[in-house]
Amino acid sequence: MASYLPPTISNGVGDGLGDGDELAGVIPLTAQELAEAAGNGGEGGNLGRSRRIVDRESEYSRRRFFRTTERVGDAEAEATPTPSSTAMNAQEDKQKQPAVTQQQQQQQQGRVSRKRSRWDDAGDTPAAAPAPSAPAPAPAATTTGRKSRWDRPKGIATSAPSTTSTAAATTLSAAAAAAATTTTAVTASTAFVPAGTAPAKPSLMSMPGTMPLNADGVPMTPEQYNQLRHSREMEQRNRPLTDEELDKLLPGDKEGFAILPPPEGYEPLRDPNRKASAEAAGTAMTGFAIAEETRGQMFDLPPELAADLPELKPEDYQHFAPILQTLDAEDEARLTSEEVKTRKILRLLLKVKNGIPIQRKGALRQITDKAVEFGADALFSNILPLLMSPTLEDQERHLLVKVIDRVLYKLDELVRPHVHKILVVIEPLLIDEDYYARVEGREIIANLSKAAGLATMISAMRPDIDNVDEYVRNTTARAFAVVASALGIAVLVPFLKAVSQSKKSWQARHTGIKVVQQIAILMGCAILPHLRSLVEVVEHGLTDESQKVRTMTALAIAALAESSAPYGIESFDPVLKPLWTGIRSHRGKVLAAFLKAIGFIVPLMDGKYADFYTREVMVVLVREFASPDEEMRKIVLRVVKQCVTTDGVEASYIKEQIIPEFFKNFWTRRMALERRNYKLVVETTVAIGEQVGCGEIVSRIVEDLKDESEPYRKMVMETLDQVISKLGTGDIDTRTEEILMDGILYAFQEQTTGTMNEEGFGANGTDAGYHVMLNGFGTVCKALHLRAKPYIPQICGTIKWRLNHKSARTRQQAADLIAQIAPVLKDCGEEGLMGHLGVVLYEYLGEEYPEVLASILGALTAIVSNIGISKMTPPIKDLLPRLTPILRNRQEKVQETLIDLIGRIADRGSEHIPAKEWMRICFEMLDMLKAHKKTIRRATVNTFGYIARAVGPQDVLVTLLNNLKVQERQNRVCTTVAIAIVAETCGPFTVLPALLNEYRVQDMNVQNGVLKTLSFLFEYIGEQGRDYINSVTNLLVDALIDRDEVHRQTAMSCVSHMSLGVANLGCEEQILHLFNHLWPNIFEESPHVLTACMNAVNGCRVALGPGVILMYTLQGLFHPARRVRDTIWRVYNNLYIGGSDALVAFYPRLDFGGDTIQFGDDKDEDMEEDANVDLTPLCYRRHELEMVI
Amino acid sequence: MAGSGPPDSGANQVQLARVQAKFVGTGHADTSKVQWANNIHRDSIAVYLGSAPLASYLALARGESIGRERYEMTEAMYAPLVGRESGK
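These protein sequence lines are chains B and U, in that order.
Using this note's numbering, the first residue of the first sequence is number 258, and each one after it goes up by one.
Using this note's numbering, the first residue of the second sequence is number 143, and each one after it goes up by one.
This is chain B alone, in the form it adopts within the complex (with noise of 0.2 Å):
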């Protein structure tokens, strides 16, 4: 930023370039106001987290806005000086600019310091002037004309306060002066366009241009010029009062109050800074009179828009200029009808994007519908502006976007001479980081496509393919890769050939590959019928003189096979030899991309060439291995897992030529350092230990274990863990696995991210140093399983010593770990340590921090369910009183663990206990149906069920029926659950009387749980519903027949599951029964009654065959209600979907006698011997022979 600042900030001097364009909301930048943007935007953050599109991009993306719609070398285009041409001609402007715009400041400066006087400035003017004095008229206010442009620069001298005071200099207290600012009367704020003041609605042409300049006459960004709009607003109403304002406000000579000169020799305190922007702002709005009348209340007020039209920003008044004056009907009539037309695409505009969805939904429509009526022309005038709008938000993009999309479709090949001026504003999209943006910038270039045909597209996209700007190639290449998928690749290789191999630049050829590259990255695995082709398009890259287009063209290659992975590898022929000598001939960036390539294209490879080309290449790997280049060291990490992995490389190969130098330039301290190498490094390890083995790898890096750098350590570990995990410890020798346990145990002691965050628990509680370490021990563990067993001692002995470590980390991980190898001491034959170990961990139960406790429960979970029930120590019938009062713990980890643990022992050594105990825990329990998240209520509903056969239904389903009557909806649905299970784990026949009991006492909640229960209890017992279904079916009668639509939407979602249950068991009576109650719902209109209604009716036919329920819709069929004939072929269908075989036995005889049918040119050749052929009867009959089957 500071670059831009000319020299002249330190004279404190504000320049009225552009006056008159500030009253469009287009405030120039003075060379001051920069300053402080810039500072102010440096510390950034203040403002929290902006929706706006702007805020979030990059530097790169943000040169969007220097882009133009017309063409380079357009006569209009040249004709704008400013930034209304490419990004390069802007930077040629910020040459020529500087010299023009100082030396109009200093004109200006001259000017405006003659005729400001304010309190602070009392050397500038003479002190002993009148106080109430008429206004001396500015000299060049009479002279304000049509006031001057940004972009016209020259215009400026016109300018003149008329606003400031002239009034002398007079003095008072400082502090007077300060209770006298909260009185200010402050103008409207510049960014408001007073109605009718606003000037034209910028053209297509200066689209861009809507930001303004700054100083040097270069475009600011959109941050500064928001900057710009608040720190000028605050410097506006926080300016000096003039001494005008302060004889109003004070008392004076004739309330016997005198003026006092300013003490001799005082110098008012200057922060040069603030008196920079507080002179900036005064001149800021020297162009602007106000009415009078209007003073001090406008300020805040947005201009009066229709009644009907939704709020809209400060800096889309310039768009929306011609809507928001008021015409009366004299103006109205004068309009044009173009006038007309953009003033309703305007208002249609405004309510798509700030308008409420019900607004937005109507103008879309709208627009959408009127769109050839308005034509492409007046549509994209008024769209595109906007989307370019430097305030605009995401939301408003995506609906902006929409809108551009359906009128898209309705336009069709109108669009055609609007394609390039789209995709100038589209293309941006297609680099946004925002996913969703990317997509919509596709779908939208996709239609364009479709649209306005290949050859428009071309013509429209060739000149930007050699656009001397990056960012115009990079985003015509990604825009051209869209059309590609849109129109097919095969239509447009004729063309990407002739640009891949063009003479005149090396950017057209440039781009031209770069197209190849995103088409392949774009469709993926759909490019292989063009591999070919494509891979021609690009080959003769790799040998071009430019060094760029070299690069280029081995990362299209990359994609290529990347893309076309694991096939093609015909395909790629013609580029294998120029690559291989290729990277034998490059450096630098060049041979990074090539060897990228080849990373690539050696996993297509057979067997034995894949062996082959590895050999070739692997000799610059090698020497690349040493390279002090990051990037060329990543790559190269790549493309060494990329080669490994291919069949057909030998493991004695790997070992003797990669493996060395591979563990001397990568296994280094430095590597772990950073958090991608890292990775990298456990990746390719981990890919050559598949290939030669994991004793090979281990035995190298097994010693680092004990390494000093902590980082390090875990790199080791995680690798340890990912080769173990994989390969098993079969080769790794007694000596070595010596090694490995006392590494694994050091390693394990040593760590100390774990014990440092004590007090950051939750923020780190998943720090990946703990989990590294943690997984790695438990993996080696497990592997090692009975060669553990030696080892055990000792690292129970840590883990004991750690569980009472005074870091909750530390005693957590300690936990944790005895969870993951309880498995390993259980086949070790260590259930003596196991109990042990048991008996430490109850000791802890009093743990304070939840996350520890969880651990400490779940390691117990562990220990109880491997070394059983009955072996526990301490004994179940301790541990479990113990436990009772942990259920009233809230923290969800422990919840889960806790239930897990409880439903374990109720299931198995429920029998320790007695029911009295099970009974309190049952209590306890009920809260646990209130977690928010499932596992926890699924793990207690089920635990339920085990308590209930422990100690008998009765009990149990006595403290779930009262929960019934509970307000809270989560928690009677679980109990339904848990009752359902219940049934399920006693047998229904316990239950039910119970239920239907229940069901008299007249609470609708309590009379839907019986029912919802009903519907699980059915879902669950399935079959067997055939004992239960006539015990029920009074009640479900009387439950269809209800009027609360609730009752019935229950009591239908327990016929379906109940049908389903008995289908084929000889139940149909009932289930015919039960239909005939349902069938009335079908007319039903709240949706979930609808569909319990339609699940039901599905369900019974299954159970009666869709011959039955046909019959009921046969009458319907044909109704003359529509409103029924709707819903009775929505029942239809679905009989139709589900057995449409079985339906033909019961389709009816059709009878129209007299009724003639017209078939028209539908005619068989066969009928054309019966002249009378048109005119058959109706016979909608079957054959007899049909009607016997």
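No false leads were mixed into what you were given.
Which chain B residues stay away from chain U? Per the calculated CB distances, all over 12 Å, these:
| id | residue |
| --- | --- |
| 1 | ARG617 |
| 2 | HIS655 |
| 3 | THR713 |
| 4 | LEU744 |
| 5 | ALA747 |
| 6 | GLN758 |
| 7 | ALA822 |
| 8 | GLY985 |
| 9 | PRO1047 |
| 10 | LEU1090 |
| 11 | ASN1199 |
| 12 | HIS1304 |
| 13 | VAL1359 |
Derived CB-CB ranges, DEER-like:
| id | chain 1 | residue 1 | chain 2 | residue 2 | range |
| --- | --- | --- | --- | --- | --- |
| 14 | B | ARG1145 | U | ALA159 | 47 to 55 Å |
| 15 | U | TYR213 | B | ARG789 | 45 to 53 Å |
| 16 | U | PHE165 | B | GLU1174 | 57 to 65 Å |
| 17 | B | ASN1333 | U | MET219 | 36 to 44 Å |
| 18 | U | PHE165 | B | GLU630 | 35 to 43 Å |
| 19 | U | PHE165 | B | GLU316 | 50 to 58 Å |
| 20 | B | ILE778 | U | THR216 | 47 to 55 Å |
| 21 | U | MET219 | B | GLY632 | 43 to 51 Å |
Since the hints were derived computationally from the structure, they do not count as laboratory data.
Just so it is clear, CB atoms sit at the ideal spot from N, CA and C, and this is done for glycine as well.
Given the coordinates of chain B, assemble chain U onto it according to the supplied hints.
Here is chain U on its own, set in the frame of chain B:
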């Protein structure tokens, strides 16, 4: 499907359109009797054709070979409503 929820519910329309694109025999409120009759006849024929016992039963009853019977039924699919009565 059609008309199940609110009258112009888009989701329902989409669902109906999908069902009809997938299953020719399904219908909607505007399906005419002729269309429906065509469909049910074609479905019936499809079942006769697809099931060997049915096909042989029909062939036996008409005194035709199974192949011919199948052929004629296939032909009849073109305009199932025409000429069925005429003893074919």
